[in-house]
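Asker: In order, the protein sequence lines correspond to chains A, B and C.
Residues in the first sequence are numbered from 1 upward in steps of one, following the working numbering.
Residues in the second sequence are numbered from 1001 upward in steps of one, following the working numbering.
Residues in the third sequence are numbered from 2001 upward in steps of one, following the working numbering.
Simulated from the structure, these hints should not be mistaken for laboratory data.
You may find that some hints are simply not true.
Across the chosen pairs, the derived CB separations fall in these ranges [stated by the list, open to error]:
#1 W264(A) to R1057(B): 36 to 46 Å
#2 L261(A) to R1057(B): 33 to 43 Å
#3 R157(A) to R1055(B): 36 to 46 Å
#4 G2017(C) to V32(A): 37 to 47 Å
#5 P387(A) to E2047(C): 51 to 61 Å
Covered, in the sense of this in silico footprint (three residues per stretch, anywhere, with C-beta under 8 Å from a C-beta of chain A), are these stretches of chain C [what the hints assert, rightly or not]:
#6 2031 to 2042
#7 2048 to 2059
#8 2069 to 2081
Glycine residues also receive a C-beta, built at the ideal position from the N, C-alpha and C atoms.
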Amino acid sequence: MNTAELRIALIGLPNCGKTALFNRMTGGRQKVANYPGATVERKEGELRSASGRRYRLLDLPGTYSLTPTTLDEAITRDVALGRLGLEPRPETVVLVADAMHLPLSMRLALEVKRLGLPMIVVLNMTDIARKRGYAIDRERLSREIGAPVIETVAVERGGADALIQCLDTLPADVAPVALTEWREPSIEDVHHTHAESARILAAVGYREPKRSELIVTIDRVLLHPLFGLLILGVLLFFVFQAVFSWAAAPMDLIDAGVVSLAEWVRMNMTDGPLRSLLTDGIIAGVGSVIIFLPQIIILFAFILVLEDGGYLPRAAYLLDRVMGSVGLSGRAFIPLLSSFACAIPGIMATRTIPSIRDRLATIMVAPLMTCSARLPVYALLIAAFIPDRVIGWFNLQGIVLFALYFAGVVGALVVVWTLKKFRGGNDEHLLMLELPDYQWPRLGNLALGLWERARLFLARAGSIILALMILLWFLSSYPAPPTGASGPAIGYSFANQLGQALAIVLAPIGFNWQISVALIPGLAAREVAVAALGTVYALSGDEEAVSMALSSVIASDWSLATGLSLLAWYVFAPQCLATLAVVKRETNSWRYPLIMTTYLFGLAYLAAFATYRIALWFSA
Amino acid sequence: MMSMAYDIWQQLLVVLTVTGASTYIFWTVAGAAWRLRLVAVASRVLPPLRGPLRRIRLRLESPAGCSACRNNSG
Amino acid sequence: MSLGNDPSGTLAGLRAGRSAVIERVDADDVRARRLLEIGFYPGAAVEVLAVMWPADDPVAVRVGGATFALRRQEAELVKIR
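Please construct the entire structure, taking both the sequences and the accompanying hints into account.
Answerer: Following this line, the structure appears as structure tokens:
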């Protein structure tokens, strides 16, 4: 045990800028894991001050009090009490108070003080507050509350320096604080801490920052029952249009790059298995996935801007009735919205839903939210089968994409409603959602988030997808056709045999053997199917066909009905092992991932079947 | 003959790549028990690698190691 | 659950744009306790920013310098003057 490293825990209200402060102090030196035995994110970072001292910072989940209503808050309390098994008790608590919302922060500070740990109070966001007329006597506050009071501006460089200096003045060898008598605060205690907080703030000359009239006016519009919903709808629609139209140029660029790389390899290598592995396996496969990076970046940029700006909880407010009508809590909106990027963080975000039934229901339908990994599949099929036409203001392809997203949402609502019908469930849903002040999205934050997303996407492409494509190439190239055989080489391969076997089950919904084969590695992750199709078709075609875009290749090989059927399949099918693994972890059993897999594949088959038959009937 | 040597290198490279990819996939999908078996087999088949393989085995066997609780945000 | 109750005298009955002072919160269950903790305590000023259509559910209220969205059921627990 390294006694030179002080363990510091950051505690504060949600939305107090605690995480920004944590990031400011730890730089990139963070480690994200899970608390042992619980599915709550544990964020630990290392701080090395100018004087050479080292600290371990722990960013605890935001909480309104030490009486928890969610699992997150329970973790904060338990870590602060040293009750959480292997997690050692922190030696010092930094209470991060939001200068814009001091009364509640002070109340929490008073509760935290009862823990008996050395405490430092930090007033964050003082820059904004000062502009709004905030004033306070810091010295006096420090005396009243019995702890040093430091001001920080977490979003500015050097904004945490004063805090770090204060940490340096702490004695290096702090004896572990024994857990003195602490009992859970009673109702009277809550009343008391409110009164005490008000008294202290009055005594130290606290002037409350005036709220921004601009924000009030904006809220009047955005929270308006009619206009608010209208704006939400328009906003979402705009996002989908943008994802397609803005990404077109960068995608063409990447496509050209991939094709020319393949050409270069083909020209500079002799024909042989290695060249085939490179061009048809690796380049064709991974290339067909990487090309969708621009679309994913654009979608994430919008989500991050809305999140940073503070709009998302307001959308939850607007949609709470809609969600309530099928039996979901409005709090499910943010996890479900996150699932539009990727279901995995979305499912993890359901930890903030207090009711277990609601949480399970939300987890069950999170994969139906069109995740970003579906984008490559949708984009490929739309490019191949939906004409690029403009109808009035709207692009037909964008409309179809929106319709697919909409179908996922409607599917989810129907599933939840059915779940509630069969399994009952009470109507007690806690909402009590805070609507934080709007703020300008921080570009630095945005860039960091996008970079992280892009990095994750490319890393996945570079590792598991690459490996799967190599394996698929192997299965598609061997056994090699005997000399003198006619037809494409792939017709003799393992892949073909596997595909033909699956195709028996999948033929009724219009899938040929190439699709069937692609769906197998496609189980690992949704975008892998695109890569797999790229590889399978690269190996099937002659030289000319290979240099055509995959979308053109499948447009000429499949019927419209098949294309539409595959689209319908992908709205529902759980082609993502990682998601199932996370569900297992979050629910601590195999039961729910199994139920989820079964019902999703069932829905996928039904939807594909209906789409295929209807499309065939129309085209006949 | 030059072209024959080139061919053999090519084929060897392909075999190594495919084996590597397959091992990686197995490793990613498998739980700790299967990974340990893989490490045991590899120790027998590839004696030169015994050192690093032993380290991997120890890391797998330690309770609640860092890798065991790393969350999967993909 | 409580659609039949008369909401007047509670936060649920307060119209958009109006303010009031909290008299008390029925603190018998966990919801009421959480309301208390986030700022809905006796003597605090509260203002309704917006109500949703059709059933005034949920409401957006401002209390203690922060803004919260509350279900109608939750708002009914807050008695006002």
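Asker: Take the hints in turn and mark each one as holding or not.
Answerer: Do the hints match the structure? See the list:
no.	hint	verdict
1	W264(A) to R1057(B): 36 to 46 Å	43 Å, holds
2	L261(A) to R1057(B): 33 to 43 Å	40 Å, holds
3	R157(A) to R1055(B): 36 to 46 Å	41 Å, holds
4	G2017(C) to V32(A): 37 to 47 Å	44 Å, holds
5	P387(A) to E2047(C): 51 to 61 Å	53 Å, holds
6	2031 to 2042	holds (count 10)
7	2048 to 2059	holds (count 9)
8	2069 to 2081	holds (count 5)
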